[in-house]
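Asks: Residue numbers (UniProt numbering): 1 to 874.
One thing to keep in mind: the hints can contain errors.
Think about it this way: if two alpha-carbon atoms lie no more than 30 Å apart in a straight line, the pair counts; the simulated DSSO-like pairs of lysine-lysine are [unchecked claim]:
#: 1; residue 1: 69; residue 2: 56
#: 2; residue 1: 69; residue 2: 38
#: 3; residue 1: 400; residue 2: 389
#: 4; residue 1: 38; residue 2: 56
#: 5; residue 1: 261; residue 2: 188
#: 6; residue 1: 188; residue 2: 303
#: 7; residue 1: 69; residue 2: 382
#: 8; residue 1: 38; residue 2: 87
#: 9; residue 1: 207; residue 2: 261
#: 10; residue 1: 639; residue 2: 590
#: 11; residue 1: 56; residue 2: 87
#: 12; residue 1: 382; residue 2: 394
#: 13; residue 1: 303; residue 2: 255
#: 14; residue 1: 69; residue 2: 303
#: 15; residue 1: 382; residue 2: 255
#: 16; residue 1: 87; residue 2: 69
#: 17; residue 1: 400; residue 2: 69
#: 18; residue 1: 389; residue 2: 56
#: 19; residue 1: 400; residue 2: 382
#: 20; residue 1: 527; residue 2: 496
#: 21; residue 1: 188; residue 2: 207
To be clear, the hints were calculated from the coordinates, so they are not data collected in a lab.
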Amino acid sequence: CTPKSTWVKWQVIILIIFSCVWDFITGQIRYSIPEELKHGAFVGNIADDLGLDVRKLSARRFRIVPGPKTQYLEVNLENGILFVNEKVDREQLCGVRANCFLHLEIVIENPLELYRVEVEILDVNDNSPSFPWREFRLEIAESVTPGARFPLEKARDPDVGANSLQTYQLSPNTHFALEVQTRSERNKFPVLVLERSLDREQQAVHKLILMAIDGGVPERSGTALIVVSVLDVNDNAPVFDQTVYTVCLVENAPKNTVVIKLNATDLDEGSHGEITYSFSHHAPGRLRQLFSVEPQTGEIRVKGVVDYEEASVYEIYVQANDRGPYTAAVHCTVVVEIIDVNDNAPEVVLTSLSSPVREDSFPGTVIALISVTDRDSGENGKTHCHMAKNLPFKLQSSFKNYYTLVTNDFLDRESVPEYNVTVTATDSGSPPLSTNQTILVRVSDVNDNAPHFAHPSYTVYLMENNAPGASICSVSAFDPDIDQNAYVSYCILDGKIRGTPISTYVSINLNTGNLYALRSFDFEQLKNFQVTVQAQDAGFPSLHSNVTVNVIILDQNDNAPEVTSPLPRNGSHATEMVPRSADPGYLVTKVVAIDVDSGQNGRLSYQLFQSTDPGLFSVAPLSGEIRTVRLLEDQDALKQRVVILVMDNGQPPLSSSVTIMVSIVDSVPEVFSDLSDKPQDTEYLSNFNLYLIVSLGSVSFIFLVAIITLVSVKCHKERHSAHGYQGSSCCFRRKRSGDVLNNSHVNFQMPASAKVPPSHMEVGGSASLNQTYCYKVCLSPESAKTDLMFLKPYSSSTPRNNAKTSNPYVTGWRVRASNKNGDSGGFHRHNLTFTEHFYIIKRCWAILYHVIRLISESTPHGALRKCVFLLILS
1 CTPKSTWVKW QVIILIIFSC VWDFITGQIR YSIPEELKHG AFVGNIADDL
51 GLDVRKLSAR RFRIVPGPKT QYLEVNLENG ILFVNEKVDR EQLCGVRANC
101 FLHLEIVIEN PLELYRVEVE ILDVNDNSPS FPWREFRLEI AESVTPGARF
151 PLEKARDPDV GANSLQTYQL SPNTHFALEV QTRSERNKFP VLVLERSLDR
201 EQQAVHKLIL MAIDGGVPER SGTALIVVSV LDVNDNAPVF DQTVYTVCLV
251 ENAPKNTVVI KLNATDLDEG SHGEITYSFS HHAPGRLRQL FSVEPQTGEI
301 RVKGVVDYEE ASVYEIYVQA NDRGPYTAAV HCTVVVEIID VNDNAPEVVL
351 TSLSSPVRED SFPGTVIALI SVTDRDSGEN GKTHCHMAKN LPFKLQSSFK
401 NYYTLVTNDF LDRESVPEYN VTVTATDSGS PPLSTNQTIL VRVSDVNDNA
451 PHFAHPSYTV YLMENNAPGA SICSVSAFDP DIDQNAYVSY CILDGKIRGT
501 PISTYVSINL NTGNLYALRS FDFEQLKNFQ VTVQAQDAGF PSLHSNVTVN
551 VIILDQNDNA PEVTSPLPRN GSHATEMVPR SADPGYLVTK VVAIDVDSGQ
601 NGRLSYQLFQ STDPGLFSVA PLSGEIRTVR LLEDQDALKQ RVVILVMDNG
651 QPPLSSSVTI MVSIVDSVPE VFSDLSDKPQ DTEYLSNFNL YLIVSLGSVS
701 FIFLVAIITL VSVKCHKERH SAHGYQGSSC CFRRKRSGDV LNNSHVNFQM
751 PASAKVPPSH MEVGGSASLN QTYCYKVCLS PESAKTDLMF LKPYSSSTPR
801 NNAKTSNPYV TGWRVRASNK NGDSGGFHRH NLTFTEHFYI IKRCWAILYH
851 VIRLISESTP HGALRKCVFL LILS
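Sequences are here, hints too, so could you generate the full structure?
Replies: The following block contains the structure:
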C-alpha cells in the first residue's frame, strides 16, 4: 500500500481517539442491552442519569432526534425510562462489526440542550453457522501425494465474538484430515488435507461430513457434505507468484477499470498447461457484483460502483485451474484498499422547528435547530453552513455540526407573511460539494393594525319617502391582519338628531357594514344628518377606527302647491270684487301659493284653468296676478267664476286649484276680515318666533303712535292756518275693507290735460281702492317744509261744489288740480273733524294689518300667526 494510504489509516485512528475524548468531555451516557429484546424492555432511566426533572420532560419537549433508520428506542416522558420500541437485530443493524452501537441524540428545549447517548447492542447466539452450499464436490487425482491441501468454502455465522464461528470438525475417515486456517477473527477457513494417497481403484468417491461450530452457550453448528471424486493423475498444478496481492483503488472508479492482472504458471504443456482464472468457491456474492475476473488473462476489473463509505477494503479470492483432465485448483487472495474521494454532499437535517413565529418576537428568538453531516472522511467530511444575508435571520453554531436559526430583526407579517430560508452546507473537499435545505418559516399574526375604511368619509344621497328598512349604503373597512384579528364588526356611535337618538333613524349590519333606514325621511323636515360608524376588529386588545357618513336627503315632488291667498270665505271658493269701470289690465287679485318642496319641485306656475268668460281675465304664469283683459261691458255676467290651476315643475308635476268668484259691482265696499276663519295652529313656538312677535308688536305700536301724532299736528295746523293753504287739493282713493294690500296700488299722477300749479299734486288709485281723498300740499317758497291737507272724498255723481255728501263711499277715479285762484275744480278744502281723523287712522291701521297678515301667513307656524292676530286685535 502507498504511504498516502498509511497516512489515511493514522488519520482514522486519531479521529477515533478524539471522538472518544470528546464523548468523555461532554459526559456521554452509554447503555448496554442484548439484542432481540421485545417491545417495552427496560434500557435505563435516562432522566435520572441526565439529572433531569421528570415532571418537566413534556414541557421542555424532551425527545430523541429521529434518524434515517428505524426508531428502535423511545423514552417514556412520564417516568423518564428509556425502553425498547422496536425489536433490535444486531446482525441486521451492524452486520459483522465487532461493536454495535445505537447513537441517540437527545434534544431538550427551554433552554435548548443536547445530549448524546450510546446504546451498545450485545450479541446473542441466535444464529447457527451455515455453509454457502450444502454439498462440496472435489476432484482429486490419485497421483496427489499426501499432504496436499484443498481449501473449502468457509461457513458464515452472523454472530460476533464468542458466538461466532470458532472451529470446524470433519467426520472420521482414513484418508483426509481437517486443518483450520485463521487469517482473522472472522476469517477461519477449513482446509481438507490428504493424509493417505488415494486409490481410485479401491474407492472412487469419498463422502465426508464437514461441521462448523460456534462458541455460544449452548453452541450451534452447521454441516455440509464433501464429495471427493478421485481422478487420474495430473502431475503439475498452476502456481501464483504471490499468495496475497495488495492494490489501491479510487472509489467510484469507472466500470471495466483494471484492478490487477494475476499471473499463474503451470509447468505442464498442452492443455495441462493452459490456465483459467475464476473466483474461488468462498468468494462472497457482493464481490462478484463489484468485480469480475477475466478467465484467460487473469485481469480483475471493476464491475459495479465501488463506495468507500460502504467498505474501505475488499478481499477477492481467486483460483487458477489448468486444462488437464485431472487438474487441481490453486488459490490466491487480492486485497483491494479503497481510496476516499469527495463524492458525498453534506446532509442537512432539520432537527427542530418552531413555526410559526410571532411577528412581535424579539431578535435572537430561536426558530430551528439544524444538524449537518458528511459521509466522507478527512477534509472531505468537514462542513460549514451559510445562508442569504438579506433575510431577518442568522445562523449560530451551537454544538459540533449543529446550528441554530435565530431572528436577526423584527418581523412584520403584513409585509412578509412567510420566509423561505435556504441554508447551504458546503464541505472542504476538492471540488467542494454543497447541499441546500429550504426551511419554511411562517410568521403568525399579532393584532397591530386597526381597521381602515376604504374612504375617509362617505356621502350618501337618499330620496325622501324611502321605505323603512331600505338599504342606504354600505361601508367597508379592511384590516391587514388575519383570522380573528382581521374580523371586522361595525356599529353606530351614539348621537342625536334633533334631540332623538340616532339609533331610531338608522341601523347597521354588524357583519357587512350595510346601513339601513329605520324610518321614512321627509326632506321638508330633515335635509341631512351625519352618522359616525365605528369598525372594530376581534383581536385582543381590539382596535377600531371611525368614519363619518353624510346622509343627504333628496327632495321628491311629494307636496302639491298650497294656495295661501286668496283664501276661501264661504265654502270652497274665494270672492273678489271688480268695479265695472276697471280699465284693461286691472289687477283683480293675486294668487299666492307655496310649495314646501325645493328646486324644480317647488317652482310654481299659474294658469287659467276655467273661466265663465275666458276672454275677460288672464293670469300671469309666474306671479299669479289675475288681471282684466278688456273693459267690462253691460252684457258681462255679474258673477264670474275663475278657476286658477297652480302647478309645480316636478316629475310628475303636482297641482292644486283655487276657485275665485269675481263680482262685478259699481262700487267696492270695505269689509274687515274675519279673523275667526284662521285655523288654530298649536305648533311649537321657538325662541326666534317669540322675538319676532315682540318686535312686530313694538314696531306696530311705534308706527301707530307716529301716525296719530302726525295727524294731530296736521289737524291743529289746518284749524289755525287754513288760509295759508287755499287753492291746493288732492285726492286719495280709499281701498275697500277686506282687499289684500298687495292687490292695491296708489298712483301719484297728473293727467296731461290738467292744469295745476307746481304746488299742487293729484293722488290717483287703482284696483280695489275706490275712495278718493283730497290732499293739499304746500310747496310754497315761504315754507321750509311741506304740509299736507286732507279733503273730503268725492265721486263723479257728487256735485263739485259740495264736498260733503251723505254717501262717503264713491266710485270712479278722477284727478283734478286747483288753479291759482284757489278753485279746486269741484273740490272744496275741508277741515277734518274727529270722525274723519279716526277714519284716516283706521285706514292706516288697515294697511299695517295687511302687512302683518302677510308676514304671519308666510310664517310656517300656525301658533305664531295666531299670536300676531291677537296682537292686532289688542
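Asks: Now tell me if each hint is right for this structure.
Replies: The hints, checked one at a time:
Among the hinted pairs, residue 69 with residue 56 is consistent with the structure: their alpha-carbon atoms are about 28 Å apart, no more than 30 Å. In summary, the hint linking residue 69 to residue 38 is supported, as the alpha carbons are separated by about 18 Å, within the 30 Å threshold. Under the criterion of a C-alpha separation no larger than 30 Å, the hint pairing residue 400 with residue 389 is consistent with the structure, at around 23 Å. Among the hinted pairs, residue 38 with residue 56 is consistent with the structure: their alpha-carbon atoms are about 28 Å apart, no more than 30 Å.
The straight-line distance between the Cα atoms of residue 261 and residue 188 is roughly 26 Å, inside the 30 Å bound, and the hint therefore holds. Taking the CA atoms of residue 188 and residue 303, the gap is near 27 Å; set against the 30 Å cutoff, the hint holds. Between residue 69 and residue 382 the CA atoms are separated by roughly 23 Å; this keeps the pair inside 30 Å, and the hint holds. Under the criterion of a C-alpha separation no larger than 30 Å, the hint pairing residue 38 with residue 87 is consistent with the structure, at around 6 Å.
The hinted pair formed by residue 207 and residue 261 fails the criterion: a straight-line CA distance of about 36 Å is larger than 30 Å. Of the pairs offered as hints, the one joining residue 639 and residue 590 holds, with about 18 Å between alpha carbons and a cut-off of 30 Å not exceeded. At most 30 Å may separate the alpha-carbon atoms for a hinted pair to count; residue 56 and residue 87 meet this at roughly 29 Å. With a C-alpha separation of about 21 Å, the suggested pair residue 382 and residue 394 falls inside the 30 Å cut-off, and the hint holds.
For the proposed pair residue 303 and residue 255, the alpha carbon gap of about 5 Å is at most 30 Å, so the pair holds. With a CA separation close to 29 Å, the supplied pair residue 69 and residue 303 stays within the 30 Å bound. For the hint pairing residue 382 with residue 255, the CA-to-CA distance comes to about 29 Å; that is within 30 Å, so the pair holds. About 13 Å separates the Cα atoms of residue 87 and residue 69, which keeps this hinted pair within 30 Å; it holds.
Taking the CA atoms of residue 400 and residue 69, the gap is about 21 Å. The hint holds against a cut of 30 Å. Proximity of residue 389 to residue 56 is assessed by CA-CA distance (about 37 Å); at most 30 Å being required, the pair is judged violated. Distance check on the hinted pair: residue 400 and residue 382 sit about 11 Å apart at the alpha-carbon level, within 30 Å; holds. Restraint check for residue 527 and residue 496: the C-alpha separation of about 15 Å stays at or below 30 Å, so the hint holds.
With a C-alpha separation of about 22 Å, the suggested pairing of residue 188 with residue 207 holds against the 30 Å cut-off.
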